[in-house]
Amino acid sequence: MTLPMTPQPGALDGEHDLVQLLAPDGTRRHDPRYPLEVDHAQLEGWYRDLVLARRIDTEAFALQRHGELGLWPPALGQEAAQIGSGRALRDQDFVFPTYRQHGVAYCRGIDPALLLGVFRGTELGGWDPQEYRYALPQIIIGAQTLHATGYAMGLLLDGAVGHGDAERDTAAIAYLGDGATSQGDVAEAFVWAASYQAPVVFFCENNQYAISVPLERQTRVPIAQRAAGFGFEGVRVDGNDVLACYAVTRAALDAARQGFGPTLIEAVTYRVGAHTTSDDPTRYREDAETEAWRAKDPIDRVRIHLQRAGSDAAFFASVEAEADQLGAHLREVCGRLPEPDLVGLFDHVYTDVPEELARQRDDAIAWQATDEGGDR
Amino acid sequence: MPEFCLPDVGEGLTEADIVTWRVAEGDEVRVNDVLVDIETAKSIVELPSPLAGTVGALLAAEGDTVRVGAPIVRIETADTAEEAAPRTAVLVGYGPRDEKAGGRRRRRAGRVAEPVPSAEPEHTASVVALAKPPVRKFAKDHGVDLRAISPADPSGIVTRTDVENELRRTAAPAPAERPAVVGVAEERRVPIAGVRKHTAEAMVESAFTAPHVTEWITVDVSATMELLDQLRADRAFADVKVTATVLVAKAVCLALRRTPDLHARWDGEAGEIVFPAHVGLGVAAATDRGLLVPVVPQADVLPLPELAREIATLVRTAREGSLQPEHMTGGTFTITNVGVFGVDAGTPILNPGQSGILAVGSVERRPWVDEEDRIVPRWITTLACSFDHRVVDGEQGSRFLADVASLLRDPSRAMMF
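Chains as they are written, first to last, in the numbering used here: chain A, 1 to 376; chain B, 1 to 417.
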């Protein structure tokens with residue numbers, strides 16, 4: 001059988017028609033479609049963001065290996081996609097993330113330690129989504145694209161779009177992975193967002209793998225091309241380039257806020273680590289592939305650029321020290337996350353607790369009281 | 001001194017093997033320095049240190065299988081005096097099954113470390129041993145004092161296995177005195193783990209579940225060997241080496257058409273015998289990690305070159321150690337080529353859940369009596385087929401084996417199938 005089961009070599013490669021403003025060797029590039037001026041202090045700030053985002057991730061990964069967390073989904077290598085897009089958001093915009101956008105949560109001002117509770121099994125959420133305009137992480141693959149689209153349709157009904165007012169115009173952004181693009185939910189979200197011209201940006205972190213399934217099994221064309229079929233714009237951006245991710249996301253959010261409808265951004269990046277702490281990527285991919293992507297590291301290129309532009313050793317040392325502090329903070333908070341109270345299960349379901357449920361709750365309380373040395 | 005207990009690094013694991021210690025007693029470690037590599041059922045994982053300080057004691061040796069929750073290393077921290085040990089961290093979210101009766105949860109033991117399953121555990125001294133009622137009865141019936149048993153589980157709960165081990169220990173005769181033998185190396189002890197462990201469990205399960213019958217046939221396969229030579233010259237096989245195993249595989253698929261009973265499955269729970277739609281052909285492969293049986297799905301519908309390629313790819317993948325679990329499931333019948341080891345035949349044990357397995361012996365030049373009563377040198381091999389007598393009667397088993405043999409004796413008979 002000679003049916004071509006995989007796309008032509010190169011068809012899904014990252015170099016083709018990719019927006020890139022900072023090359024892996026630290027060279028600044030320019031793209032007439034996405035003009036961007038960044039001053040030195042701002043770029044130092046983003047470097048700091050990238051390093052801290054990476055530390056959140058590696059520290060939480062270690063906490064899982066310490067036995068402090070049940071699970072952790074690493075974002076190693078995807079920091080630029082998260083920081084670049086996260087920093088393009090305005091306060092009033094609303095984020096619908098997956099379980100991997102630790103860097104975006106950080107950009108929204110959420111204490112990274114709050115991310116740990118769900119993965120320790122002590123929290124059902126961790127923060128008030130309204131306070132940070134950042135929804136709770138969606139575990140169901142792709143479902144958040146519908147939530148974001150629904151929210152964006154609500155923004156239309158509220159008239160929160162198209163006033164030319166930076167404080168008032170609002171957009172929603174949904175994060176998704178390459179695997180999610182095969183989900184029906186995502187196709188539905190694209191259809192609705194397009195037909196209503198809803199102010200939503202679909203930010204796909206294409207990290208090349210859906211757990212163990214490579215991109216070639218999700219699509220025969222670059223993911224960004226799919227948008228054309230639904231009737232909106234798709235953009236491919238170097239997902240390891242914080243400047244390009246910022247510029248492209250900013251443009252897409254602006255378009256959404258102005259009433260020009262959705263955009264699909266495909267940030268081409270790579271999941272350097274495992275899918276989660278329970279996964280072993282050596283079973284389904286070659287080390288050489290991972291090494292090739294390490295050479296495109298999102299942090300290295302910013303550091304090289306900053307060094308050339310005059311950032312001194314003291315700056316880099318101070319960022320490193322701050323990362324160490326953040327690591328210690330995560331370990332410390334994780335160690336004292338409160339154990340959940342079983343009885344709390346019954347508290348937030350019904351306004352008026354039905355008799356049957358009340359009986360179950362009383363049984364639970366009685367059962368808890370039989371615990372040896374109950375310290376509650 | 002704070003202890004680091006083996007965490008559950010993979011959502012529901014109950015144990016792991018210690019592979020390599022990266023630190024030794026007396027070493028200074030910082031937080032997140034790698035302490036040890038462990039191998040779980042899923043992968044090899046590095047464990048970083050949760051503490052900074054000096055390694056006081058390694059509590060498990062390389063090669064040991066350790067239960068989740070058992071301490072593996074002691075680390076002396078700068079402020080050990082203030083009991084800086086973090087709370088017992090394992091079992092967050094998932095963790096090992098809590099093997100105890102009733103609904104009572106075990107409270108984590110305050111700031112005290114988990115009990116150490118050392119030589120003289122403290123439970124020995126406890127007045128009341130912890131055990132489920134059926135275990136208590138079992139122990140009582142056999143005259144075993146639960147308090148005298150050191151449970152294997154770090155939770156301190158005595159299981160039925162513990163009681164059985166105690167019975168075995170007390171029943172075993174004292175080892176006889178043997179004169180010392182000079183010059184003989186010491187016996188070697190290899191932990192039972194990984195593929196070896198799984199093979200053992202599968203073989204025991206199979207041998208004591210399915211009543212095995214084995215039949216033998218010795219057959220002249222000279223015609224098959226000639227066919228092999230022809231096929232190797234054929235362009236369809238330019239990129240793959242066609243082997244005797246491939247032709248045996250084809251013969252098995254054809255014979256299963258006439259006698260599908262040999263790959264029917266005994267479903268005791270449903271009270272049914274299940275006849276699969278296609279042949280999932282397992283091909284046993286000896287690898288560095290032990291015996292692995294990758295499966296060619298729908299082998300019965302594959303043209304011969306495809307079959308050859310599938311088998312070659314799977315066996316190579318098995319030898320490289322990168323078989324995925326799904327490559328080893330879905331088998332309905334297995335072929336094992338024991339001939340590669342130079343032996344004539346053997347009685348194969350069924351893969352659990354399957355009803356037939358064929359062992360192929362070495363193919364050798366042997367004297368053979370031809371149709372005209374002359375003794376001639378021919379290529380001879382022995383086939384041995386084991387089947388589950390619950391599913392397959394002697395009639396079907398014999399017909400199947402005779403069919404495979406006749407196809408190998410005269411491959412043109414394939415036209416008949």
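Any given hint might turn out to be false.
[Claimed, not checked] If you want a taste of the chain A side facing chain B, the calculated C-beta under 7 Å gives, among others:
hint : residue
1    : Arg-65
2    : Asp-158
3    : Gly-162
4    : His-275
5    : Ser-278
6    : Pro-281
[Claimed, not checked] Here are the computed distance ranges between Cβ atoms for each label pair:
hint : chain 1 : residue 1 : chain 2 : residue 2 : range
7    : A       : Asp-362   : B       : Glu-25    : 34 to 40 Å
8    : B       : Asp-33    : A       : Ala-314   : 22 to 28 Å
9    : A       : Arg-336   : B       : Ile-44    : 47 to 53 Å
10   : A       : Arg-28    : B       : Gly-330   : 34 to 40 Å
11   : A       : Arg-359   : B       : Glu-272   : 41 to 47 Å
Everything labelled a hint here was simulated from the structure, so no lab data went into it.
Yeah, the Cβ is synthetic: ideal placement off N, Cα and C, and Gly gets one too.
| Numbers of unmet hints, in rising order | 2, 3, 4, 6, 7, 9, 10
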